[in-house]
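A.B. asks: Read off the chains here:
There are 2 protein chains.
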Amino acid sequence: MTMHLNAFLMGVGHHEASWRLPESDPYASWDVKHFQNLARIAERGKLDSVFFADSPVLQGDPGRRPAGKLEPTVLLTALAAVTEHIGLIATASTSYNEPYNLARRFASVDHVSGGRAGWNIVTTAGADAARNFGLDDVPLHSERYERAAEFVDVTTKLWDSWSDDAVLADKAAGVHADAAKVRAINHRGRFFRVDGPLNVPRSPQGYPLLVQAGSSEDGKQFAARYAEAVFTAQQTLAEAQAFYADLKKRTADLGRDPDGVKILPGIVPVIGDTEAEARELDAELDRLISPEYAKRQLAERFQLDPDDLDLDQPLPADLPAEDEIEGAKSRYTLIVDLARRENLTVRQLIGRLGGGRGHRTFAGTPVQVADALEEWFDNGAADGFNIMPAVLPSGLLAFVDKVVPILQERGRFRTEYDGTTLRDHYGLPRPINHLETSAR
Amino acid sequence: MTMHLNAFLMGVGHHEASWRLPESDPYASWDVKHFQNLARIAERGKLDSVFFADSPVLQGDPGRRPAGKLEPTVLLTALAAVTEHIGLIATASTSYNEPYNLARRFASVDHVSGGRAGWNIVTTAGADAARNFGLDDVPLHSERYERAAEFVDVTTKLWDSWSDDAVLADKAAGVHADAAKVRAINHRGRFFRVDGPLNVPRSPQGYPLLVQAGSSEDGKQFAARYAEAVFTAQQTLAEAQAFYADLKKRTADLGRDPDGVKILPGIVPVIGDTEAEARELDAELDRLISPEYAKRQLAERFQLDPDDLDLDQPLPADLPAEDEIEGAKSRYTLIVDLARRENLTVRQLIGRLGGGRGHRTFAGTPVQVADALEEWFDNGAADGFNIMPAVLPSGLLAFVDKVVPILQERGRFRTEYDGTTLRDHYGLPRPINHLETSAR
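Going line by line, the protein sequences match chains D and U. All residue numbers for the first sequence refer to our numbering, where the first residue is 1 and numbers rise by one. All residue numbers for the second sequence refer to our numbering, where the first residue is 1 and numbers rise by one.
Here chain D stands alone, though its shape is the one from the complex (with noise of 0.2 Å):
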């Protein structure tokens, strides 16, 4: 068995901190050239993709960290165009988009890069990305999962909605499709009245990979009924374990096939060739956080003022339970449970997230590295991993150059793409197309 494993590419790297390196460019976060050049190294380690995660608000303090990002179906454009296999992931909003706008900007993508796109669908936490849609403040968590519900359904209609035979180019009879296999979808539900077809054809994919990364009661429905890749965030193997079952049950009483589901725990990497090496680099990025700001920040998760933490105790013992946050619900829990559990200051908190946001850091000798995944692999907890490296470029780098060889050589990570769609490499079907069955 081998395993899969997506590159989570942000700016010039997940540690908070990183554009403060030496080695950093600080203006990468929005330089193409940079993405074109991880996507190139991603695809040398025969990954089966990157990903970029996305909102449509400008998230954290620009006076602090490089803010903003490239709108990330045009930077998967772009990278399309510089490589030949490797999958590409994007996240889009289900609460800040139309349907049809956001069927067809996929499809495109699909299109453009023979078969390589992927949409990780979320809803959309936050006030403030609301606040940029008309709204005083962010729809009811419940509410917007109802919405992603009907607007992947939509989606999906839509992208079915011209036959894959449907182009039949008969010059001489001056007919170019069969019109009879392209469809209206005439969609009446609560949120979208849609009518189409689509206005480009079914994409080579028939349609993009369905991803999705939320771990709440919420979260882990939707992924169970439409998900066929999850990235989510787990700190202990028997945490991860517990997810892992629990999802693929979950899906099998859907219905589906579990296998169709990939589960893809994060991890950011401190790789060092000792470990003392790796341990110095990780200290000394934990050093470069300024806490005032990551207090700051934590205050925001919790919905507290940042008043009501001190740097140096533990945190208050009378926090929200996860039913009041509107936000990120599970990471709020893994991360109250992480700092319960270790005893944890505010300070070493937030060295603790400074890296990973909440997702497991590993900082080890490539050995120790592969080691790790494959423990989680090989007991029930993953079926691969979404890296996501503290440092970029050089944390992909030595993950590609040091890493993935030993994976290969334990025969658990392929050496050669063996097929051309991001489907192929996760091995996961091409999926039917539902309305041409039922017109049958």
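Honestly, the hints are just simulated from the structure, not real lab data.
In this list, chains with the same sequence are indistinguishable; a pair is considered to hold if it fits within one copy or across any two.
Below, computed lysine-lysine pairings styled on BS3-like, alpha-carbon distance capped at 30 Å: (1) K33 x K46; (2) K402 x K33; (3) K249 x K329; (4) K171 x K402; (5) K33 x K171; (6) K295 x K171; (7) K295 x K329.
Please arrange chain U on chain D, whose structure you already have, making use of the hints.
C.D. replies: Here is chain U on its own, set in the frame of chain D:
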């Protein structure tokens, strides 16, 4: 004085029957390599820009001609990756997008292309598009233009929400940007409430070139207020001169420099080495039109039943007035005037429209085409032209290889790019940052 030249690219050519020619690839409309090839040809000819029209709906009958297109901001990005100089303009609708998303996408294309993005601002006619976005019918023409004006105000503020010098990248101090130079816009209007700031820094051009293409009364006022380049359909020199003078005057009346709006009438050049060859190509294309299909399309534009039109009779005497048309108003009037002026039957009118849908068509030798362009350019009818090849790539190749050298020899067109951005090519300044000015 040199003219500006834009290549308006559409599938395998603007002539509706172009896909039926032996040379045409009937799948090319969705093939990024086809468009990358066209962009490279246009860049070899030192053209100012390429342009893609768009609407968020499946236009035309997919049974009769290639229907559906790649989403144009995705397509522009794919072209940016394989070109270095040429400008990249795409249509996007103000009626069926959110300003935050669209501002971000065009800013991203401008970043990725190094300052070569342009936005053709359209309000999108037609009930069929409206029905992809939860509406029963298209909003009123005047309502669409009011929304468009506010939409452009919002996007402009978002593009100005970062000062050009906001990013400091001070690693030692841990200060990435001057947070005071990244400003909320707090827009509160009739159609939109948007807090901002945008989540991407100000782009190389400040913001994309603003292009407009409607020639109704509302459209002309909108162009005078906002547009930096205008695409327009004009059949005769006298009409083009009147439009040119009128739009320049409207622009000056609003306190803008009339030279800040470049007016580019469309032309469909059908080029042959001899006049007879050009006319034969023109006739061959017209023979491939399906007259019954074209009649249905014409009836739809006229808001008539197809049975109201007789292929071998002139247009009915009793047609709707322009103000009863909720679609493309000025194009409607142009077509009626053309048919009446030349006393054309419906069949003859269909032939005249088959190439350019109301744009001027001109069949001739390279010298005759160059003369035709110069005549309008020298006589106050145009600052340049929107070149609409009837067949692609052959029509663009003929224009670039045969007509451009004549214009260059006559000193009427550049022989090298002398700037790096789309605005440079059109001789237009980088816009000042209005929010910054008002803050000082």
